[in-house]
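There are 2 protein chains.
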Amino acid sequence: VEKMKRFGRLTCRKIWKVGKEDKRRVIHSLKVGISLSLVSLLYLMEPLFKGIGENAIWAVMTVVVVLEFTTGATLYKGLNRGLGTLLAGLLAFLIERIANESDHIFHAAFIGTAVFLVGAVTTYMRFFSHIKKNYDYGVVIFLLTFNLITVSSYRVDSVLKIAHERFYTIAIGCGICLLMSLFIFPIWSGEDLHLSTVAKFDGLAKSIEVCINEYFSDGNINQQEEKVKKYSMEMEDPIYKGYKDVLDSKSSDETLALYASWEPRYLRSCSWQQYVKLGTVLRHFGYTIVALHGCLQTEIKTPQSVRVLFKDPCNRLAREVTKTLKELSDSIRNRRKYCSEIPSNHVHEALQDLIDALKSQPRLFLSTNSNTNILLALATLATRQKSGKDFLVSLPSVNNDDPARLGLSHVLKEGDKKILRPTLSKNGITSLEFLEALPFAAFASLLVEIVARLDLVIEQVVELGRVAQFKEYSHDDVVI
Amino acid sequence: VEKMKRFGRLTCRKIWKVGKEDKRRVIHSLKVGISLSLVSLLYLMEPLFKGIGENAIWAVMTVVVVLEFTTGATLYKGLNRGLGTLLAGLLAFLIERIANESDHIFHAAFIGTAVFLVGAVTTYMRFFSHIKKNYDYGVVIFLLTFNLITVSSYRVDSVLKIAHERFYTIAIGCGICLLMSLFIFPIWSGEDLHLSTVAKFDGLAKSIEVCINEYFSDGNINQQEEKVKKYSMEMEDPIYKGYKDVLDSKSSDETLALYASWEPRYLRSCSWQQYVKLGTVLRHFGYTIVALHGCLQTEIKTPQSVRVLFKDPCNRLAREVTKTLKELSDSIRNRRKYCSEIPSNHVHEALQDLIDALKSQPRLFLSTNSNTNILLALATLATRQKSGKDFLVSLPSVNNDDPARLGLSHVLKEGDKKILRPTLSKNGITSLEFLEALPFAAFASLLVEIVARLDLVIEQVVELGRVAQFKEYSHDDVVI
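Those protein sequence lines, which keep their order, are chains A and B.
For the first sequence, my numbering gives the first residue as 1, with consecutive numbering after it.
For the second sequence, my numbering gives the first residue as 481, with consecutive numbering after it.
Just chain A, with the same shape it has in the complex:
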């Protein structure tokens, strides 16, 4: 008895949890119940039943099958079902016409052949990727309806009447479904896709934030190691949680975009493919964070002393990146165009600061000069990655008179030996410190890579703003 009670309590809690996670689930369940009751009235109420007859049962069936969670999915299924039924009815009528003029046995053989041919051809058509993607359900319904009508035409005389009635009742069923999903607490796939994209940005920002914090946290190293191990066992690491949804978003994104493209509310925008594209770029951005996370799990050997020295500039860079990500998510959330000149978008300045900081640290500048070079080289790589775009030109807000910056561009453009050689030749390089600083260099290189990929993300967000005709950026919005 005690066991039963516990089991009951667990079940109750689970039922509660599913509803609490997303309240729309409860609403949707009630909607299905109401629609079914409504459609049952066709059968239960005398006057309605007299008008429609036995075939009212098809309306019940349609509601069960068509009414889906989101409006887009319901429209997709409803319209596919309607179209499939209509076409199948027409084809069946045609075949019936031909077959009717022959005798009984030939009639049966003809129907058998038609069923075989239509079945095989239709099934084959389902393998075409375009049809599979947009009309799969319609094709199944076509095949179903065609077979039902053709086969039963052999025993029943009034095929046309069957087809008619079936079509009417299905239309009634679809009508109730559309009414329910369009006007009573509608749940839009487009909205879901929009919000999931915003959530992706927030998750990535969170991941980077936690990553940096853990990297520079002062805690006992062994403790950290154990924490990491524990996390990887339970898959509950906040960093992992932040990016895992991004990595596996492909199929859900595509499904939502497909359904969203059927929703009338958003028909004009046609921006769903852009959301899918943005998702792809975000996934590639996510791969870099996976690498950064990997860096965190192996970086145990970077001594505290080295980490402390770079804590501030790294923190600043990461803060700027997360800030930019949050700005991007805000601009999408509020459906306004992202403006790359927003005052707080100082990522590249922060990157520059990190490089400056490395130079201005006398101890490390002396002992691990090569480390700075690593960063310079990485900056070169990052710039080249954008292939064709000028790193400096694209950043009008950066002060070009900054000597360090000029020095950098000098190195980048000519690989000038004069600047670097003298400084190096007078420094004795201590290999051990260099060895110790290396894991940090790997970490920093990933930060630079992240900045480079962030630019690609920004590009796609701007494109999204253009395609989806978001409203123009205005300064008042920033306050909100």
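Honestly, I wouldn't trust all of these hints.
[Unchecked claim] Cut-off 30 Å, straight-line C-alpha distance, at most; resulting in silico cross-link-like pairs (DSSO-like, lysine-lysine):
{"id": "1", "chain 1": "B", "residue 1": "K485", "chain 2": "B", "residue 2": "K500"}
{"id": "2", "chain 1": "B", "residue 1": "K806", "chain 2": "A", "residue 2": "K250"}
{"id": "3", "chain 1": "A", "residue 1": "K132", "chain 2": "B", "residue 2": "K483"}
{"id": "4", "chain 1": "B", "residue 1": "K730", "chain 2": "A", "residue 2": "K14"}
{"id": "5", "chain 1": "B", "residue 1": "K721", "chain 2": "A", "residue 2": "K277"}
{"id": "6", "chain 1": "B", "residue 1": "K791", "chain 2": "B", "residue 2": "K806"}
{"id": "7", "chain 1": "A", "residue 1": "K250", "chain 2": "B", "residue 2": "K497"}
{"id": "8", "chain 1": "B", "residue 1": "K806", "chain 2": "A", "residue 2": "K132"}
{"id": "9", "chain 1": "A", "residue 1": "K244", "chain 2": "B", "residue 2": "K686"}
{"id": "10", "chain 1": "A", "residue 1": "K133", "chain 2": "B", "residue 2": "K721"}
{"id": "11", "chain 1": "B", "residue 1": "K724", "chain 2": "A", "residue 2": "K241"}
{"id": "12", "chain 1": "A", "residue 1": "K250", "chain 2": "B", "residue 2": "K730"}
{"id": "13", "chain 1": "B", "residue 1": "K757", "chain 2": "A", "residue 2": "K244"}
{"id": "14", "chain 1": "B", "residue 1": "K503", "chain 2": "A", "residue 2": "K250"}
{"id": "15", "chain 1": "A", "residue 1": "K5", "chain 2": "B", "residue 2": "K612"}
{"id": "16", "chain 1": "A", "residue 1": "K250", "chain 2": "B", "residue 2": "K757"}
[Stated by the list, open to error] If you anchor each label on the Cβ, the simulated ranges turn out as follows:
{"id": "17", "chain 1": "B", "residue 1": "K503", "chain 2": "A", "residue 2": "V1", "range": "58 to 66 Å"}
{"id": "18", "chain 1": "A", "residue 1": "V26", "chain 2": "B", "residue 2": "K951", "range": "39 to 47 Å"}
{"id": "19", "chain 1": "A", "residue 1": "L182", "chain 2": "B", "residue 2": "P744", "range": "28 to 36 Å"}
{"id": "20", "chain 1": "A", "residue 1": "T11", "chain 2": "B", "residue 2": "L567", "range": "56 to 64 Å"}
{"id": "21", "chain 1": "A", "residue 1": "N134", "chain 2": "B", "residue 2": "S731", "range": "15 to 23 Å"}
{"id": "22", "chain 1": "B", "residue 1": "I495", "chain 2": "A", "residue 2": "S252", "range": "25 to 33 Å"}
{"id": "23", "chain 1": "B", "residue 1": "V788", "chain 2": "A", "residue 2": "D22", "range": "53 to 61 Å"}
{"id": "24", "chain 1": "B", "residue 1": "R635", "chain 2": "A", "residue 2": "L10", "range": "39 to 47 Å"}
{"id": "25", "chain 1": "A", "residue 1": "L182", "chain 2": "B", "residue 2": "R486", "range": "35 to 43 Å"}
{"id": "26", "chain 1": "B", "residue 1": "V788", "chain 2": "A", "residue 2": "S252", "range": "27 to 35 Å"}
{"id": "27", "chain 1": "A", "residue 1": "N213", "chain 2": "B", "residue 2": "R946", "range": "38 to 46 Å"}
Calculated from the structure, these hints are not laboratory results.
Backbone N, C-alpha and C fix where the C-beta goes; we use that ideal spot for every residue, glycine too.
Guided by the hints, dock chain B onto chain A, whose structure is given.
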């Protein structure tokens, strides 16, 4: 007319292509056609029709909906449909019993309420992830059947007879589907999952191979750059093609594993979750190759001279990695346990060779000694990543007397300053060459990372061999 002709030719070619890509599609289409013709006989042939009656139409419907491409999917749908119908029939019968004892209006109200309640509760149940995953289709069919029987019970007296007939005809339909999918050219989801896993290994091996070849190819650098650009536009890059299926494999893997778990042929093994796990590890392996690919797109600045020097050891390491991947794919393909002592599995020796080669290159040893250190440090990282496992102990075939190896382990274990310091202090380090060698260091570091992740993949393959009870490794098999 010319345009029509061209369109016709294009369509024909597309139809041909879809069939050629996978011949089983044609077979499946024919199977559907035959099944439908067979099931139509129930209706068309006089004696059969007399036995079953009008309800034969449900058998046609079942065949259309249940007969899927793979046996697993058909079984999943067929069994779900059978179970759903049975349970719905029982519940409907119970409710009918209660309702029948009341008057007409109360009867209608009772049915309406029951339809509402069952509809809402069932729909809510579909949001539970476990039910969603394994029984979604069954729940829909349950709701459908329940409504059909309950609602029509209001007008028809013999509900039990309806339920009976419906169940029989659905059983006939399911039976034909199962017969067709189990015994006539069966297409197994498990086989698909197995082969797609093998293909993933081959794709990854191909990616690494092409990556290394392009990196060390002597061609004009500008030409390469343009090729890369062209590739990224058309998404037809062989490297990209190799790993893209791996990255997005999550949902298809899980679907195939779900269907495969219904297939009787493989029921005993229960290894499908291990395939999914292996897929996850392979995806993480793939992320590293994405990074390696990124390295290729930005490495334009590594001078030919540096690359040529490291060509052989890098090639060897990559060759060993691809060889191991191919061995893994072979062992899975032939369903035999992977034996990590296969003579050709010399990845870690190749890694050691790369480090030795760096040391033995006098010019580079002198000028870019730090580069060697990068690799040493990376090797340290790689070893630590395996947290707890001893790098050297796990490689019984490596000759421990090899002095270079001992030197490495020395550095790894004690971070010995004595070995490294003297060499460095007597070398004048030319910063520019170091800067030039850096992109190569990034490339090499990823190769080391790949070796580290390869170990995780091997671990999962060995686990798969254990869980799926593959046959033992024997030396004779290698020849095959």
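Hint-by-hint comparison with the structure:
1. K485/B with K500/B: Given pair K485/B, K500/B holds - Cα atoms ~22 Å apart, limit 30 Å.
2. K806/B with K250/A: 28 Å, holds
3. K132/A with K483/B: 26 Å, holds
4. K730/B with K14/A: 26 Å, holds
5. K721/B with K277/A: Within the cut-off at roughly 18 Å; holds.
6. K791/B with K806/B: 22 Å, holds
7. K250/A with K497/B: 26 Å, holds
8. K806/B with K132/A: 34 Å, violated
9. K244/A with K686/B: Holds. K244/A to K686/B sits at ~27 Å (cutoff 30 Å).
10. K133/A with K721/B: 22 Å, holds
11. K724/B with K241/A: It holds: about 23 Å lies between the C-alpha atoms, which stays within 30 Å.
12. K250/A with K730/B: It holds: about 9 Å lies between the C-alpha atoms, which stays within 30 Å.
13. K757/B with K244/A: Holds. K757/B to K244/A sits at ~15 Å (cutoff 30 Å).
14. K503/B with K250/A: With Cα atoms ~28 Å apart, K503/B and K250/A stay inside 30 Å; holds.
15. K5/A with K612/B: Status holds; Cα separation ~25 Å.
16. K250/A with K757/B: Judged against 30 Å, a Cα distance of about 19 Å means the pair holds.
17. K503/B with V1/A: 58 to 66 Å: 60 Å, holds
18. V26/A with K951/B: 39 to 47 Å: 52 Å, violated
19. L182/A with P744/B: 28 to 36 Å: 45 Å, violated
20. T11/A with L567/B: 56 to 64 Å: At 19 Å between Cβs, range violated.
21. N134/A with S731/B: 15 to 23 Å: 19 Å, holds
22. I495/B with S252/A: 25 to 33 Å: Holds - the Cβ-Cβ distance for I495/B and S252/A, about 31 Å, lies within 25 to 33 Å.
23. V788/B with D22/A: 53 to 61 Å: About 59 Å separates the Cβ atoms of V788/B and D22/A, which means 53 to 61 Å holds.
24. R635/B with L10/A: 39 to 47 Å: 42 Å, holds
25. L182/A with R486/B: 35 to 43 Å: 42 Å, holds
26. V788/B with S252/A: 27 to 35 Å: Once the Cβ atoms are compared, 47 Å apart, the range 27 to 35 Å for S252/A and V788/B is violated.
27. N213/A with R946/B: 38 to 46 Å: 40 Å, holds
Violated hints, in rising order: 8, 18, 19, 20, 26; the structure is consistent with all others.
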